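Assemble chain B onto chain A, guided by the hints.
So the protein sequences, as listed, match chains A and B. For the first sequence, position 171 (counting from the first letter as 1) is numbered 171 according to this note's numbering, and the numbering increases by one without interruption. Numbering-wise, this note's numbering comes out as the position in the second sequence, counting from 1, plus 300.
Bear in mind the hints are in silico, worked out from the structure with no lab data behind them. Be aware that a few hints might be false.
Stated by the list, open to error - Heads up, incomplete: computed chain A residues facing chain B, CB under 10 Å, no partners named:
1) GLY166
2) THR170
3) ALA198
4) SER199
5) GLY203
6) PRO206
7) LEU217
8) LEU223
9) VAL227
10) ARG256
11) GLN258
Unchecked claim - What follows is a list of derived Cβ distance ranges for each label pair:
12) SER520(B) - PRO115(A): 21 to 27 Å
13) ARG411(B) - VAL238(A): 56 to 62 Å
14) VAL316(B) - THR114(A): 40 to 46 Å
15) VAL238(A) - ALA369(B): 42 to 48 Å
16) LEU370(B) - PRO100(A): 25 to 31 Å
17) LYS407(B) - LYS113(A): 54 to 60 Å
18) ILE280(A) - GLY404(B): 41 to 47 Å
19) LYS113(A) - LEU370(B): 51 to 57 Å
20) TYR133(A) - ASP366(B): 55 to 61 Å
21) VAL118(A) - LEU368(B): 55 to 61 Å
22) ALA427(B) - LEU92(A): 34 to 40 Å
23) ARG411(B) - VAL154(A): 57 to 63 Å
Keep in mind the model is a prediction, meaning the values are calculated, not measured. Yeah, the Cβ is synthetic: ideal placement off N, Cα and C, and Gly gets one too.
Chain by chain, the residues:
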Amino acid sequence: MTAVPKDARTRAAGRARRPRAEPLVLLGPGLLYLLAFLLVPLALVLSYTIFKRGRFGGIVHEATGDNFTRAADPLYLDVLLTSVKLATMTTLLALAIGYPTAYVIARLPARWKTPALVAVVLPFWTNFLIRTYAWIVLLNSEGLVNSALTDLGVIDRPLGLLYTDGAIVTGLLYAYLPLMILPLYSAIERLDPQLAEASANLGAGPARTFLSVTLPLTLPGVLTGCVFVFVPSLGNFVIPELLGGGRTIMVGNLVRDQFLKARDWPFGSVLALSIVAVLIALLTVQAWAARRFSGEGDHA
Amino acid sequence: MTLLSVTGVSRRFGDVTALDDVSLDIVQGEFFALLGPSGCGKTTLLRVLAGFERPDTGTVTLDGADLLALPAHRRPVNLMFQSYALFPHMTVEKNIAYGLHREGLPKDEIRARVAGVLATIGLPGAAKRRPNQLSGGQRQRVALARAIVKRPRLLLLDEPLSALDKKVRAEMQLELKRLQHEVGITFVVVTHDQEEAMSLADRIAVFSEGRVEQVDAPVSLYRRPRTRFVADFVGANNLFDGVLRDGGVEVPGVGSGPLPCEPPGDLPAGSPVVLSVRPENVRFDDEGPLAGTVMDTSFFGGVSRVAVEVGGLTRPVELTVPGTAPADPGKPVRLSWNPDRAILIGPA
Numbered sequence: 001m002t003a004v005p006k007d008a009r010t011r012a013a014g015r016a017r018r019p020r021a022e023p024l025v026l027l028g029p030g031l032l033y034l035l036a037f038l039l040v041p042l043a044l045v046l047s048y049t050i051f052k053r054g055r056f057g058g059i060v061h062e063a064t065g066d067n068f069t070r071a072a073d074p075l076y077l078d079v080l081l082t083s084v085k086l087a088t089m090t091t092l093l094a095l096a097i098g099y100p101t102a103y104v105i106a107r108l109p110a111r112w113k114t115p116a117l118v119a120v121v122l123p124f125w126t127n128f129l130i131r132t133y134a135w136i137v138l139l140n141s142e143g144l145v146n147s148a149l150t151d152l153g154v155i156d157r158p159l160g161l162l163y164t165d166g167a168i169v170t171g172l173l174y175a176y177l178p179l180m181i182l183p184l185y186s187a188i189e190r191l192d193p194q195l196a197e198a199s200a201n202l203g204a205g206p207a208r209t210f211l212s213v214t215l216p217l218t219l220p221g222v223l224t225g226c227v228f229v230f231v232p233s234l235g236n237f238v239i240p241e242l243l244g245g246g247r248t249i250m251v252g253n254l255v256r257d258q259f260l261k262a263r264d265w266p267f268g269s270v271l272a273l274s275i276v277a278v279l280i281a282l283l284t285v286q287a288w289a290a291r292r293f294s295g296e297g298d299h300a
Numbered sequence: 301m302t303l304l305s306v307t308g309v310s311r312r313f314g315d316v317t318a319l320d321d322v323s324l325d326i327v328q329g330e331f332f333a334l335l336g337p338s339g340c341g342k343t344t345l346l347r348v349l350a351g352f353e354r355p356d357t358g359t360v361t362l363d364g365a366d367l368l369a370l371p372a373h374r375r376p377v378n379l380m381f382q383s384y385a386l387f388p389h390m391t392v393e394k395n396i397a398y399g400l401h402r403e404g405l406p407k408d409e410i411r412a413r414v415a416g417v418l419a420t421i422g423l424p425g426a427a428k429r430r431p432n433q434l435s436g437g438q439r440q441r442v443a444l445a446r447a448i449v450k451r452p453r454l455l456l457l458d459e460p461l462s463a464l465d466k467k468v469r470a471e472m473q474l475e476l477k478r479l480q481h482e483v484g485i486t487f488v489v490v491t492h493d494q495e496e497a498m499s500l501a502d503r504i505a506v507f508s509e510g511r512v513e514q515v516d517a518p519v520s521l522y523r524r525p526r527t528r529f530v531a532d533f534v535g536a537n538n539l540f541d542g543v544l545r546d547g548g549v550e551v552p553g554v555g556s557g558p559l560p561c562e563p564p565g566d567l568p569a570g571s572p573v574v575l576s577v578r579p580e581n582v583r584f585d586d587e588g589p590l591a592g593t594v595m596d597t598s599f600f601g602g603v604s605r606v607a608v609e610v611g612g613l614t615r616p617v618e619l620t621v622p623g624t625a626p627a628d629p630g631k632p633v634r635l636s637w638n639p640d641r642a643i644l645i646g647p648a
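Pulled out of the complex, with its shape left as it was, chain A reads as follows (with noise of 0.2 Å):
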């Protein structure tokens, strides 16, 4: 009778070394399409950086180091800083008033939960295009903005809103934001409500129980959401172009124009890979970030 149980274990464990199939059934839709929509292009656009342009696009496969130390000059430096500056503006302002949101909504009774996240996400619903224009009718100078202030006499003459860094960030401020409070929210709700409770109950007040228990525990949500917001603001070229008025503001802009109008592909792609340098630089802060606080924090 021992042999039967013997037996079952001797097969269970070759069962247990041949490699799994489900996994890779689970995953292989998803990795063939990350292969060939991201990893490929990807290569060919690195691969493009070191070739000279060709005259209508494409490239003349001739070696050359001329994309770099184009890409080296102040010109295109300064954007990509303006494009960080902006996009890190953009985060900083969508983290201070996403985290309130998405705190008060996480605390609300769970019959009120759903709604007001429907809510938050509604915007998402209409057009990316004519929710950007409606910031245009809102803030040029005969726009509603300027026009409400002109009436009720704060101002002479119209601000001159539109065409600015600042209608740029407000731009994607509006676009991004609920990028920030979603994955605000999941943290803030997973934090159980007595571990503040407790803080205070050990004598800390409400600001000491945010900054020592709140803060720390949700880092890894606020990390999340400043990665989901910096990420697609950095690389935007719409709302620079329609609402920071058509000037190459940011480095996204730079890379439309270098691939559709000035057809010149290699330095395209060097400027390409320039936003993907900044956020791989960014990601690895990120994770680093995400392990140092949330993993051996130090708070007392």
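Only chain B this time, still in chain A's reference frame:
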């Protein structure tokens, strides 16, 4: 000396009355228990004392000063949460030191007090560990340490032992009691477990549906319940609803005559009363007024419990006898008790 005084406190949540005109006094140095079934309002009272809940009416004073006027973080009251609520991102040491840092104590003193309390709870080696690396019993000790290290005037404990398995719970009961003696802090423990309340507390307040039914020492609570609820909730009991007559308590349709009871004091004859007789006070007696049939017997080592079905009663009468049961199921028996051990509970 009265430390905490709760007067006329009520709290409603929508249609639910969690606390209904609750008044009680807790004495300095006492181990006080709030006992009741879940949903009786005892945890709400604890949250009122901690400052997480405001009563609709009533006053609470601590050392004679208005406690309700202080926000939660300024009250000299610490709470050990039922879920322990340890900060998961901090080590044991940092969890315990958290409250001391809030007092702005010097670093050396904080270190000394944390080390001291870790020794007191018997976990000197756990300082650098995180809550998720501890067992349930260890977490419970750390939660307790975090609360007592502040040396509060009043320590509140919300179902402190409910998350522990039975064996650890018994150990921790003893330890809690030892600790309370050692640190001399007034303890208020909320529990639904009457044995826990009985074994730990100097005095117990029994709660039912937001009201305080009775406040008494464990022995008095057991021997002399004042309401039907207390008589039924605290310990096993036999209750008979009847009317007080000269010769005892008349229960319609039950017994060959009035059931024997203690002298009625100033209760007038004709009052509706509840007669309460503990199982250990019921005995087999061929002359007894109650006739019935043995339904069931169970042996508990030193004692046996016998359930006797009596005509006219919905619940069987229970009795506890030393040794093995003297009668087998199906046997007709008669029951009686010493009148002094049959407690009268007057109309509420």
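### Query
Which numbered conditions among the earlier hints are violated in the structure presented, ordered from lowest to highest?
1, 2, 8, 9, 10, 11, 12, 14, 15, 17, 19, 21
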